[in-house]
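Protein chains: 2
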Amino acid sequence: MSAQSFHQAPHKLLLIPGPVEVTDEVLFANAHPSVSHMSAEFVSAFGDSLRMTREVVYSKDAQPFLISGSGTLGWDQVSSNLVEAGENALVLNTGYFGESFADCLRTYGANVDQIKAELGTTVSLKEVEKALQAKKYKIVTITHVDTSTAVLSNPKAVAEVVRRVSPDTLVILDAVCAVASEEIRMDDWSIDVVVSASQKGLGAPPGLSVVVASQKALQVAAARSTPVSSYYASWKRWLPIMTAYEKGSAAYFATPPVNLIFAFNQSLTQIVKGSSSLEERFKLHADASNRLKAAAKELGLKQLAADPSIAANGMTALWCPPGVKSSELLPLFLKKGVVIAGGLGAEKDNYFRIGHMGTTVANAERGDVERIIAVLKEVIAEATSKSA
Amino acid sequence: MSAQSFHQAPHKLLLIPGPVEVTDEVLFANAHPSVSHMSAEFVSAFGDSLRMTREVVYSKDAQPFLISGSGTLGWDQVSSNLVEAGENALVLNTGYFGESFADCLRTYGANVDQIKAELGTTVSLKEVEKALQAKKYKIVTITHVDTSTAVLSNPKAVAEVVRRVSPDTLVILDAVCAVASEEIRMDDWSIDVVVSASQKGLGAPPGLSVVVASQKALQVAAARSTPVSSYYASWKRWLPIMTAYEKGSAAYFATPPVNLIFAFNQSLTQIVKGSSSLEERFKLHADASNRLKAAAKELGLKQLAADPSIAANGMTALWCPPGVKSSELLPLFLKKGVVIAGGLGAEKDNYFRIGHMGTTVANAERGDVERIIAVLKEVIAEATSKSA
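The listed protein sequences derive, respectively, from chains B and C.
First residue of the first sequence: 3, per this note's numbering; consecutive thereafter.
First residue of the second sequence: 3, per this note's numbering; consecutive thereafter.
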């Protein structure tokens, strides 16, 4: 049994906005025989994963936290380490996931203000500036790509406003659906925390919370006047563990998800040290996205994103044709061997979502993009002929 | 590629007290191609996993929570859902993990009292009774097997005392290193919460927090006067998800660890529906443990557990021979292809730990138990001849 001889079982093509298709090598690594979390082999894989995670967000010295958990756990990390009870948080809400991040912040005692964008749009920079002038905020959160709408925010521009108007405010980027499919230059853009997860652009199975914190964010957490309000999400407890593994020795707080770290390490290796550069990888995502969006437009389908400049490159959200529900479309895709997602929230029946991240766009020989475009055409033809 | 044709790569025999050796079928399931967390196939696997988890602890109606995370997350679930700030918790401390559970409880505002057993012993029932008579406790926690010492507590006897003296107090069993290797009759013994994880007796890779809560515990959580103090660990948020999946439909709070659930489901199937019954499985653990402990005794090695009646069946902790450090023993085991663990805590250099859970004891044809006994003899002979 070797990575070369391993081929995953035949299955329907998974094109939801996460989990996504992963490579054979990643799945093979996930089937790594049991090894100790203290073993040299694991220490090396964990250390390399930390270093490569930093590379993916173009940071020199930010601190990655790789912790067993869903992406959601990243919100708990931000809320419990960076915000003390009674402090103010500003959430730039571009969909379902902004709403939920606000819920999480409130759970840990934050006073949360939200600027809610109209469905399909982003929050205007002027409104952000006005809010920052009116009140002192400990953090501002941005959803880079809201998985519910495929709307793409501009974290660079928001961070510029924050730095200018309220330099102490920490900029938190919820990039669960953006890391490795959208460019994120953490240091250059002055982002303090990037929150992500393993199962989207990062190309591994779900189960790993991936958070990267700037040195400034770590200092803010260390300078709290009240204790960190979570145990499992406490950076104080995890920081020595991450530091030890990166330096080449094991340390224990809670058992890491050993197999998933091997899988994540394999995916990061393909992303960071593969045949194409990170820049080329972003371009592959943009190209695939443009082709799919153009095909959708030709079919008369409208995106949720009101403007092409705020449409995500790793996923597409499309309104259903008139008179058709997403619950009718999904089974038609499924019959053709492709799995896509319905909507989320109040309009969930009226739109559908297609994910195009990771190996689906990075490895053209798979033909995934051609296939989804062809199937989309067939399905829309079928659905509209029925409803007509 | 099929489960039958999958054979895991050659590797050193992993005999630490978790993670443990897992079967080929479990690893193959962990390499399941990506599927949606909303797909019929996954819904069925998740639902069955919930039902089988309940079976493993002999409960009719307790509620399992299967959440992406380390075993440690179970402590956060207990601390943030069941204890309100200022309420009292009594921790029966039989080692490192009792100490840490107390830390976690304090993080969420509990007033924690501990009854600390001498190293290698359990807490006396009389002391538990005295403590319960002196003060009203919201919860009592028991570490079933403390992974740092291999000391086995008697949850049935403790729960009897609690029910008699303080019937409202919830009995929390930290069974991370006990579920599926030690008998736990949750309903019969009146245990309110069983906390566990995937990577020990449950025979899957690490990364899944496995908690089972009685209906009484759920009612106590629901009757809180203050909000639940964690977001990610909140039962209020997860309960509708677990209920939906068990009833056969998908629901979303955070993305579940899809592949690991397939692996966990496979392991549970082997445990619950395999050729031997659950009772037989416990006997296989006891038999293997007795053989190893007898061999150690013949070699003049003493267990940390002061008495055979309080020695775990899934692991063994042994004092090093005089003049030998555990850090000298581990490499000798490693040279012979076997991975064991050193000690934990103040005495960590002076003892070592061997795990014997899951397929290592359940599948005799592997010969793992014979191998570890043979290697133990060789290593002790080498180490003592060197130090003599």
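Everything labelled a hint here was simulated from the structure, so no lab data went into it.
Hints may contain errors.
If chains are identical, the list can't say which one is meant, so a pair holds when it fits in one copy or spans any two.
Claimed, not checked - Only pairs whose alpha carbons sit at most 25 Å apart, straight line, appear in this in silico SDA-like list of lysine to any residue: (1) K138 with S328; (2) K158 with S387; (3) K238 with R108; (4) K62 with E101; (5) K158 with G369; (6) K238 with A87; (7) K238 with E86; (8) K238 with G111; (9) K275 with W321; (10) K238 with G88.
*Quick one: K238 to G88, C-alpha cut-off 25 Å, is that within a copy, between copies, both, or neither?*
Classified as both: same-chain Cα gap 21 Å, cross-chain 23 Å, threshold 25 Å.
*Quick one: K158 to S387, C-alpha cut-off 25 Å, is that within a copy, between copies, both, or neither?*
Close neither inside one copy (44 Å) nor across copies (66 Å); limit 25 Å.
*Check K275 against W321 for me: Cα-Cα at most 25 Å, and say if that holds within a copy, between copies, both or neither.*
Neither: 38 Å inside a chain and 46 Å across chains, both beyond 25 Å.
*Should K138 paired with S328 be assigned to within, between, both, or neither, using CA atoms and 25 Å as the limit?*
Neither: 42 Å inside a chain and 54 Å across chains, both beyond 25 Å.
*asked:* Please sort K238 with R108 into within, between, both or neither, judging by C-alpha distance up to 25 Å.
replied: The answer is both: 21 Å in one copy and 15 Å across copies each meet 25 Å.
*Using 25 Å as the alpha-carbon threshold, which applies to K238 and A87: within, between, both, or neither?*
both (18 Å within a copy, 21 Å between copies)
_With identical chains, the pair K238 and E86 could be close in the same copy or across copies; at 25 Å between alpha carbons, which is it: within, between, both, or neither?_
both (15 Å within a copy, 23 Å between copies)
*Taking 25 Å as the upper bound on the Cα-Cα distance, should K62 and E101 be classified as within, between, both, or neither?*
neither (31 Å within a copy, 37 Å between copies)
*Between copies, within a copy, both or neither: which fits K238 and G111 at Cα up to 25 Å?*
both (19 Å within a copy, 18 Å between copies)
*Can you give me the call for K158 and G369, within, between, both or neither, at a CA distance of at most 25 Å?*
Result: close neither inside a copy nor across copies, 33 Å intra and 59 Å inter.
Of the numbered hints listed earlier, those contradicted by the structure are 1, 2, 4, 5 and 9.
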